[in-house]
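A.B. asks: Got chain W sorted already, so can you dock chains C and P onto it with the hints?
Respectively, the protein sequence lines represent chains W, C and P. Number 268 in the UniProt record's numbering belongs to position 268 of the first sequence; there are no gaps in the numbering. Number 115 in the UniProt record's numbering belongs to position 115 of the second sequence; there are no gaps in the numbering. Number 49 in the UniProt record's numbering belongs to position 49 of the third sequence; there are no gaps in the numbering.
Among the clues, some could well be false.
What the hints assert, rightly or not - When the alpha-carbon atoms are kept at most 35 Å apart in a straight line, the in silico DSBU-like pairs for lysine-lysine are as follows:
#  : chain 1 : residue 1 : chain 2 : residue 2
1  : W       : 50        : P       : 37
2  : W       : 89        : C       : 11
3  : W       : 134       : P       : 194
4  : W       : 261       : P       : 37
5  : P       : 194       : P       : 92
6  : W       : 238       : C       : 123
7  : W       : 134       : C       : 11
8  : W       : 186       : C       : 267
9  : W       : 116       : C       : 73
10 : C       : 11        : C       : 123
11 : W       : 89        : P       : 178
12 : W       : 243       : C       : 63
13 : W       : 261       : P       : 58
14 : P       : 37        : W       : 116
15 : W       : 97        : C       : 63
16 : P       : 183       : W       : 89
17 : P       : 37        : W       : 238
18 : P       : 58        : W       : 134
Claimed, not checked - Quick list of simulated restraints, FRET-style, between CB atoms:
#  : chain 1 : residue 1 : chain 2 : residue 2 : range
19 : P       : 105       : W       : 88        : 32 to 38 Å
20 : C       : 72        : W       : 32        : 17 to 23 Å
21 : P       : 22        : W       : 242       : 25 to 31 Å
22 : C       : 189       : W       : 42        : 55 to 61 Å
23 : P       : 125       : C       : 206       : 53 to 59 Å
24 : C       : 25        : W       : 250       : 27 to 33 Å
25 : C       : 264       : W       : 42        : 32 to 38 Å
Stated by the list, open to error - Just a sample of chain W residues kept apart from chain C, beta carbon distances all over 10 Å, derived:
#  : residue
26 : 30
27 : 32
28 : 67
29 : 87
30 : 106
31 : 110
32 : 116
33 : 139
34 : 264
Simulated from the structure, these hints should not be mistaken for laboratory data. For every residue, glycine included, the Cβ atom is placed at its ideal position computed from N, Cα and C.
Here is how the chains run, residue by residue.
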Amino acid sequence: MPTDSRRIAGPESSTNPYSFCTEKPRHDLLKNGKRQDGRKENNLRPIFLKAGVVSQARGSAYIEQNETKVICAVYGPREVVRKEDFSMKGLLTCEFKFAIFSCRERRQHQQDIEEKDYSVQLLEALEPAVCLDKFPKAQMNIYVTVLQNDGSALAAAITCASVAMADSGIEMYDLVAGCAVRVAGKNLLMDPCNQEEYKPEDETGLTNSGSVTVGLMPSLQQVSAISSKGEIEFELVKQAVAKCVDVCTQLYPVLQQALVKSVSERQNEEG
Amino acid sequence: MVDVLLSDAEKTFIIHGIQDNLRDDGRGCEDYRHMEIETDVVSSTSGSAKVRLANTEILVGVKAELGEPSSGKPDKGRLEFFVDCSANATPEFEGRGGEDLALEISNMLTRAYDCPKCLDLGKLCVIKGQQCWVLYVDILLLECGGNLFDAASVAVKAALYNTCIPTVTVSQDEGHVDIELSDDPFDVQHLDVTSAPCIVTLSKIGHSHVVDASQKEEACCLARLMMGVTEKGTVTALKKEGSGSLDPSSVEEMMETGKRVGQALNKSLMEVLCLEEQKGKKKEKTGFLR
Amino acid sequence: MILFPKHSMSTTPEGNLGQRICHLDENIICGQGTYSKNGFVYSSRAGYLHKLQSQDDKILFEVRSNVATTTVPSIDALVTARITNVTPRFCKCAIMSVGRTLLRETFRGQIRKEDVRATEKDKVEMYKCFRPGDIVVARVVSLGDAQSYVLSTAENELGVVIATSEAGSTMVPISWCKMQCPKSLSEEFRKVAKVQPLFIQYSGT
Chain W
1 MPTDSRRIAG
11 PESSTNPYSF
21 CTEKPRHDLL
31 KNGKRQDGRK
41 ENNLRPIFLK
51 AGVVSQARGS
61 AYIEQNETKV
71 ICAVYGPREV
81 VRKEDFSMKG
91 LLTCEFKFAI
101 FSCRERRQHQ
111 QDIEEKDYSV
121 QLLEALEPAV
131 CLDKFPKAQM
141 NIYVTVLQND
151 GSALAAAITC
161 ASVAMADSGI
171 EMYDLVAGCA
181 VRVAGKNLLM
191 DPCNQEEYKP
201 EDETGLTNSG
211 SVTVGLMPSL
221 QQVSAISSKG
231 EIEFELVKQA
241 VAKCVDVCTQ
251 LYPVLQQALV
261 KSVSERQNEE
271 G
Chain C
1 MVDVLLSDAE
11 KTFIIHGIQD
21 NLRDDGRGCE
31 DYRHMEIETD
41 VVSSTSGSAK
51 VRLANTEILV
61 GVKAELGEPS
71 SGKPDKGRLE
81 FFVDCSANAT
91 PEFEGRGGED
101 LALEISNMLT
111 RAYDCPKCLD
121 LGKLCVIKGQ
131 QCWVLYVDIL
141 LLECGGNLFD
151 AASVAVKAAL
161 YNTCIPTVTV
171 SQDEGHVDIE
181 LSDDPFDVQH
191 LDVTSAPCIV
201 TLSKIGHSHV
211 VDASQKEEAC
221 CLARLMMGVT
231 EKGTVTALKK
241 EGSGSLDPSS
251 VEEMMETGKR
261 VGQALNKSLM
271 EVLCLEEQKG
281 KKKEKTGFLR
Chain P
1 MILFPKHSMS
11 TTPEGNLGQR
21 ICHLDENIIC
31 GQGTYSKNGF
41 VYSSRAGYLH
51 KLQSQDDKIL
61 FEVRSNVATT
71 TVPSIDALVT
81 ARITNVTPRF
91 CKCAIMSVGR
101 TLLRETFRGQ
111 IRKEDVRATE
121 KDKVEMYKCF
131 RPGDIVVARV
141 VSLGDAQSYV
151 LSTAENELGV
161 VIATSEAGST
171 MVPISWCKMQ
181 CPKSLSEEFR
191 KVAKVQPLFI
201 QYSGT
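Next comes chain W alone, as it looks inside the complex (with noise of 0.2 Å):
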């Protein structure tokens, strides 16, 4: 892995304090139908967007999912510099990145593989909803970062962006609406937390175990992102994927209505 050399890197090894503690199993996530959080199998977390919040972005977003929180810049359209062919249709980029300090273990400052990989997600995710065909031979740069991660970031990632899109005045067909789901046996958990997300070092022995994220055009009835980790069942694999149809639908409102009130708060600042 090459490091940044601008950057004061710390010692060359050191230890999470968290590594020492032998962590106990989680075979309960459940427990009389209810999680660890008080929650239902069903239940999301509340959610907090607002449109609006980087003043010197074109667009820009922020979600807040307890302590899930995640913050999204657009900028653009401006030239591609690269040389590169002619093309009439506009270019996305993405760039995602978790916060240093947003894990529970301390992140490097440069893109890893795990954040690269949400990036081509996120990207994907938001390319059939955006009308590329408006702003030729240009493009647009998204940026997300993650402040802290508890959990859900790429759905929280890809709702917050295509809110951030939306502000930035960008024609688009739809909105995305991200989710994701934790399958832990027979059970389907909504919106997973930090603790209840699938990881593979755990052995849960478990047949079933793995997590779904799908990003929905709920307007549409479109899936443009889907992407999953773990073994699982396939009648339970289809069972997530309606599950997260469902709940992104139902997320469309909030969307909706955080892009309004950014509406309405330009027009009032203006006259």
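C.D. replies: What follows is chains C and P alone, placed relative to chain W:
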């Protein structure tokens, strides 16, 4: 992806054909192209395989080395994927040209193999928390003729099947640990890959979907669904790729097809691999000569 | 033209992004901020929905927002640019605004020798038309190549609007091809625009 130039008329021809379950090379929508597998092709590796799927050619070499286990899984070996897009395949890959594609393939493979039941990595542990076998799976794209993900996953599975890990003995005295490698070249361990996944890519073209899209078909396709499917039919990874979007109902249909095709693919792959092992040294080697 | 500032059908005054506005039929035109798909008209922007009656009794839907809309140069748009580089065959410039929308970042453009003026194209001398630092009003002819947009000043109303003399003060136009420095009274050649506020406003995309 490596693009071919296709006119609108050619695209329409392909799309209309697929709607009638007829593809431009005469296959049905759920048929794979002819696939050739050969294992043990590179003698300097611990295991290797070469897969040729029509004109897609992929060579995989596995090298087993001793290293430190990751902190999250102290009692497990490690599996590292690396994809090299050779400029032999297309000049576009020269320099850093193939980097994005390479990363995408290796991420998908990592994700598909990243579940405890796919491959028993516990067997690869030598000393808990200190030493384990690290399997470096290097994938070399020699020719790109569409459907790289599926071909790569088949080649990886075949190469892992072929992998021989030398037996080591650990002796401990006075807090000093010795690792001794067996002298006998036939004293080796094999990996059990029966429940390892294969990736099945379903390309949405027009209103239908196809498996194993050729390069021309990939040019007509806006959205793909990739699935890691095991022999039992469980899904180990799922990913939508491409700039298009999918209907929830077609996602379901595509997943059904993916499961069906994936199970069949796994089954026939294992049969072929067993057959090849039985032949042992007697088998006819084709290598890179065709 | 009748203007309904707020759409009567929608529950919120704001036409929201992705919201289905109505069925598409031959009497409906999708204006800015809307698109049609599968027989419906959808909004593609968060803003206020306007329902307009066009002359031939058709209904035009537009979603307008208070965020600047035209953000990239499009063909036939009027742009304001600063000249950065002049060569005998063309000059390069940085597009600073499209219509009346100020851009946050500039786009590269170029004016070729044959697009400088409408007549006697072969007699154009680039150094007598533009100098680096001049502000010009030009029209986008084509999206050009991957590098730059192709601009034209081949109209009376297009050309240099602000220029600085060698003495350092802003010059005043004295003819269609000359400008004078008020300090040193020296004359310099430029392809001068005959600025007509009405014209600029009218075609201000």
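A.B. asks: If a hint holds in the structure, say so; if it doesn't, say that too.
C.D. replies: Evaluation of the provided hints:
no., hint, verdict
1, W:50 / P:37, "holds (29 Å)"
2, W:89 / C:11, "holds (19 Å)"
3, W:134 / P:194, "holds (32 Å)"
4, W:261 / P:37, "holds (27 Å)"
5, P:194 / P:92, "holds (22 Å)"
6, W:238 / C:123, "holds (33 Å)"
7, W:134 / C:11, "holds (24 Å)"
8, W:186 / C:267, "holds (27 Å)"
9, W:116 / C:73, "holds (23 Å)"
10, C:11 / C:123, "violated (49 Å)"
11, W:89 / P:178, "violated (41 Å)"
12, W:243 / C:63, "violated (42 Å)"
13, W:261 / P:58, "holds (32 Å)"
14, P:37 / W:116, "holds (33 Å)"
15, W:97 / C:63, "holds (32 Å)"
16, P:183 / W:89, "violated (49 Å)"
17, P:37 / W:238, "holds (28 Å)"
18, P:58 / W:134, "holds (25 Å)"
19, P:105 / W:88: 32 to 38 Å, "violated (21 Å)"
20, C:72 / W:32: 17 to 23 Å, "violated (30 Å)"
21, P:22 / W:242: 25 to 31 Å, "holds (30 Å)"
22, C:189 / W:42: 55 to 61 Å, "violated (46 Å)"
23, P:125 / C:206: 53 to 59 Å, "holds (57 Å)"
24, C:25 / W:250: 27 to 33 Å, "violated (44 Å)"
25, C:264 / W:42: 32 to 38 Å, "holds (36 Å)"
26, 30, "holds (20 Å)"
27, 32, "holds (28 Å)"
28, 67, "holds (21 Å)"
29, 87, "holds (12 Å)"
30, 106, "holds (13 Å)"
31, 110, "holds (14 Å)"
32, 116, "violated (6 Å)"
33, 139, "holds (14 Å)"
34, 264, "holds (29 Å)"
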